[in-house]
Amino acid sequence: MTFRSLAIALLLVAGVAHAADAPSVKANGGWLRVLPGNLPAGGYVSFENVSDRTVSIVGASSPDYASAMIHRSSTDGGMGRMEMVDSVPLPPKGKVAFSPGGYHVMLMDSKHPVKPGDRIMVTFELSDGENLPVTFLARPANATGPTD
Amino acid sequence: MKPSFSRRARWALLLLIALVCLGGCQRDPQPAWKLTDVSGHLPDLDFRLTDDNGKAVTGADFKGKVTLMYFGYTHCPDVCPLTLTQLHVVLDRLGPQADNVRILFVSVDPKRDTPEIMHAYVNAFDKRAVGLVGSDADVEALAKRYRSAFTREPDRGDGAYDVSHSSAIYFFDATGKARLLATPSTSQDDMVHDLHLLTSLGAQP
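If you're matching them up, the sequences are chains A and B in order. Per the numbering used here, the first sequence starts with residue 1, numbered consecutively. Per the numbering used here, the second sequence starts with residue 149, numbered consecutively.
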């Protein structure tokens with residue numbers, strides 16, 4: 001093995017190790033809106049792709065809810081509607097916010113009563129095969145964000 | 149001395165000018181609205197529905213209050229809560245005048261939204277919000293009256309479904325006249341500004 005190929009091999013190993021250690025996507029400010037009864041709750045969070053390639057969010061699940069789906073609301077032409085989204089691409093070194101009126105994770109059928117102040121775990125599935133666990137703070141129905 | 153024709157004509161002209169001016173000056177100056185002014189373009193507040201306490205109500209029951217009408221449904225996890233939260237923040241910013249304002253949240257999902265569910269839902273946002281339910285036909289008639297639209301989307305397979313609905317917020321003055329139109333993306337500053345004006349109009353006899 002030449003010195004050069006050894007160096008490349010080492011770099012590759014280092015690269016793989018790096019990818020395994022540091023997640024490609026960071027999340028912060030996760031919160032969800034608690035509605036009365038067992039109505040579906042919208043969850044919001046900011047994602048930052050710290051890698052050099054596009055990584056997409058391709059799924060979500062929570063141990064506290066029977067189902068979690070990624071949705072996007074739009075009010076095009078004065079009509080408010082929601083659509084299910086299969087994949088939310090995060091551009092390299094880019095940020096995408098899930099926020100009211102846009103992307104959100106819709107959490108349905110809570111397995112236990114969720115009240116403001118509770119912390120709920122939602123795991124996002126990424127297109128690079130990684131799973132990204134994110135803590136969401138349960139907030140009152142009329143909250144405007146993760147904090148007042 | 150008998151006034152000449154020209155003098156009489158001059159008087160008549162002056163009188164006419166005075167009357168025109170008086171007419172013009174007597175009319176309230178049009179408030180400088182920030183939102184879309186729909187005065188005269190949409191019908192007065194009128195409906196027969198059931199409120200979130202299970203009581204039959206009509207538009208006339210809200211005379212004396214400025215009302216903000218919005219069509220939505222409780223299984224809507226994003227835009228409806230966002231809109232109701234915005235209206236809550238706007239009313240809090242309005243201060244004591246907000247006591248003269250009611251949010252009317254009309255369900256476009258009569259199948260799932262009972263008065264009990266609506267009661268818990270609207271009160272989670274604002275104590276000045278009233279949930280209104282009715283039969284399919286009554287709600288459809290009301291939506292049509294205000295050129296609003298809603299469509300039940302196909303079932304997602306597990307009995308869950310979404311309802312696409314018009315996102316307009318209709319502002320009525322204290323006499324029940326349609327005055328302004330806003331959307332969930334309207335700035336809160338503009339809504340507070342116009343509600344100050346609208347509740348002041350309502351305070352006049």
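Quick caveat, the hints were computed from the structure, so don't treat them as lab data. For each residue, glycine too, the CB sits at the ideal point set by N, CA and C. There may be inaccurate statements among the hints.
Here are some chain A residues pointing at chain B (derived, C-beta under 10 Å) [as the list claims (entries may be wrong)]:
1. 27
2. 29
3. 33
4. 39
5. 40
6. 96
7. 137
Computed list of lysine-lysine pairs in DSS-like fashion (alpha-carbon distance at most 27 Å, straight line) [unchecked claim]:
8. B/259 <-> B/292
9. B/203 <-> A/111
10. A/115 <-> B/275
11. B/203 <-> B/182
12. B/211 <-> B/182
13. B/275 <-> B/203
Taking the hints in turn, this is what the structure says about them:
1. 27: At about 19 Å, which exceeds the 10 Å cut-off, the nearest Cβ of chain B leaves the hint on residue 27 of chain A violated.
2. 29: Interface hint status for residue 29 of chain A: violated (16 Å vs cutoff 10 Å).
3. 33: Cβ of residue 33 of chain A sits 5 Å from chain B, so the hint holds.
4. 39: holds (6 Å)
5. 40: Hint holds; residue 40 of chain A Cβ to chain B Cβ min 4 Å, cut 10 Å.
6. 96: violated (16 Å)
7. 137: violated (16 Å)
8. B/259 <-> B/292: Satisfied, since the Cα-Cα distance of roughly 19 Å is no more than 27 Å.
9. B/203 <-> A/111: Violated: residue 203 of chain B and residue 111 of chain A sit about 33 Å apart, past 27 Å.
10. A/115 <-> B/275: Holds, because 19 Å separates the two Cα atoms, which is no more than 27 Å.
11. B/203 <-> B/182: With Cα atoms ~35 Å apart, residue 203 of chain B and residue 182 of chain B exceed 27 Å; violated.
12. B/211 <-> B/182: Given that 27 Å is the threshold and the Cα spacing comes to 24 Å, the pair holds.
13. B/275 <-> B/203: Cα-Cα ~17 Å, so holds.
In summary, the numbered hints that this structure violates are 1, 2, 6, 7, 9 and 11.
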